[in-house]
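> What follows is each chain in one-letter form.
Number of protein chains: 2
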Amino acid sequence: MKNSPEHFGDRLTAAIKNKKTPLVVGLDPRWDNLPDDIKSIGNQAEAFEVFCKAIIDVVADKVPAVKPQSAFFEQLGPAGVVALGRVTEYAREKGLLTIMDAKRGDIGSTATAYAKAYLDRSENGPWQCDSLTVNPYLGDDSLTPFCDVAMENGAGIFVLAKTSNPGSKTFQEKTIGADGGKLFELVADHLQMLAARNIGDSGFGFVGAVVGATWPEELVALRKRMPNVIFLIPGFGAQGGSAADIAGGLNEHGLGGVINSSRGIIFAYERPEFEAIVNWQDAVSLAADMAIGQIAADSNAGKLRL
Amino acid sequence: MKNSPEHFGDRLTAAIKNKKTPLVVGLDPRWDNLPDDIKSIGNQAEAFEVFCKAIIDVVADKVPAVKPQSAFFEQLGPAGVVALGRVTEYAREKGLLTIMDAKRGDIGSTATAYAKAYLDRSENGPWQCDSLTVNPYLGDDSLTPFCDVAMENGAGIFVLAKTSNPGSKTFQEKTIGADGGKLFELVADHLQMLAARNIGDSGFGFVGAVVGATWPEELVALRKRMPNVIFLIPGFGAQGGSAADIAGGLNEHGLGGVINSSRGIIFAYERPEFEAIVNWQDAVSLAADMAIGQIAADSNAGKLRL
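Residue numbers (this note's numbering), protein chains in the order written: chain A, 96 to 401; chain B, 96 to 401.
Treat the hints with care, since some could be wrong.
Note that the list lumps identical chains together, so a pair holds whenever it fits in one copy or between two copies.
DSS-like mimics (lysine-lysine), calculated; alpha carbons at most 27 Å apart, straight line [said to hold, decoys possible]:
no., residue 1, residue 2
1, LYS269, LYS319
2, LYS319, LYS148
3, LYS134, LYS112
4, LYS398, LYS112
5, LYS264, LYS112
6, LYS264, LYS277
Please keep in mind that the hints were generated in silico from the structure rather than gathered at the bench.
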């Protein structure tokens, strides 16, 4: 086990306090949405890299972390994955924590391979991310290797609990057995147990949970159910979750969760209200500031500014 | 919808009949297990590529498909992913179907990005795989994009139902609600419904299910529960599943499933019984022949040889 400065829960909490906001920016590059000057690069993988680095330049002083979405890079094949590696490295250089959104999950030595791929923070690590999203369906022994590698590296994992999509009802909301708990609550209890293996000085463990902004009531209940688990809250903005909706995911100090916005920020120049802004980076900057302000106004995150 | 020759269920069934076996070989390269002459290459990504291509050369005439495990390539970072792309391309050139074992899962346009990454079989597709393993935890709307892209491309998906690991009990075996069905059975019913959207002349759909060889009773029950779903059965060999254990996963014609073996074949030269074999490729060849023979002797797969 690492000392406190190397503990993921502590590192993320310190970054949230330092930037005075739980907002994180999702790096979800999509060719059709790129600004014209980026599209003119021609090569898609290179364009993704240049675009994401430009976003990082805009938000590096504003937010604690970025969340690259692996899928959009993988869609370009190996060249896209090379670009993803460069984007992640650049974010690190700019002092941002990285949440690799890859939703990996497997068993035994295969799970260890995924964990080492993304969470080995030594010089030898190919990605050196600070954290990784993980899918729990395969069960407890599929999460153990991710936990072990994360703890060795002062890294963290965010495990899917209640996802932001309507279809999260299909399986996650099913009632288990006679006592009436739901599958995502069972997952939540398991994550609290795993987080408790290594709680930092911040009070938060190295295991986080993904809980969608689109489920405000569940956020409140799950915040109580997992007191030592940091939440990654997607679905804010484009997916319909408001700043008031996510309020329950943060504790009374405005801590315990990060709130992700992707499209609403990185493609802000497409939003009608920003039409008059000439420089697309200025629209991104303004959209990030506005999201930070909304979250501070409508949740306990405002306390981070005091 | 594509015509029958382009239907994944039909293509896989034809390949099984052609090779007279449901055995598929998992490409799980691990540095520590590589033969000395491969290790002497030095560069790990290059060594993985050379090793997997050599395995493909040995098994191309014996089996219908190979299943590359993405995790081991991702562990090497972008260079490993480049190697994975070359291995997949080589398998295709050698006439093998490819099952990309990446266990992806996400929602909306992100799921579409993953699906297009791996299942776009046009010349523009970066990977052009025939099928992909998918995790169902995110729910029905997370599976739809994978289904849509698969159908457009004559490709298939294998969705995790009951995985081979002991920890599959943690969530997959939990009883749902009052009627006593288990989570994996609910997933199974959903997969049968999805498969029924597009059943080929073979009687099998484009949606498959992952069901571990380590659960022989569940294999029998799930085979009946999902009559139009092709099974991907891992856990044969090194994980403890015997040829008799997997028998229930195949129908009376020996069809409806593929049985994966990874370590037991690709690292066969490490097995004590093959110690006397000088050339490691000969050990791989013999291990594949033995697995094919065992499966034919102890399951309905023997009928494929008549």
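> The structure should be examined with respect to each hint, and the outcome stated for every one.
Here is how each hint holds up against the structure:
Taking CA atoms no more than 27 Å apart as the test, LYS269 paired with LYS319 passes in both settings, with 20 Å inside one copy and 24 Å between copies. Taking the closest pair of Cα atoms, LYS319 and LYS148 never come within 27 Å of each other, the shortest separation being 37 Å inside a single copy and 52 Å across copies. For a Cα distance limit of 27 Å, the shortest separation of LYS134 from LYS112 qualifies neither inside one copy, at 36 Å, nor across copies, at 47 Å. In this assembly of identical chains, LYS398 and LYS112 lie within 27 Å of each other by CA distance solely inside one copy; the values are 10 Å within and 66 Å between copies.
When the C-alpha separation of LYS264 and LYS112 is checked against a cutoff of 27 Å, the pair qualifies neither within a copy, at 34 Å, nor between copies, at 40 Å. Taking the shortest alpha-carbon separations for LYS264 and LYS277, both the intra-copy value of 10 Å and the inter-copy value of 16 Å come in at or below 27 Å.
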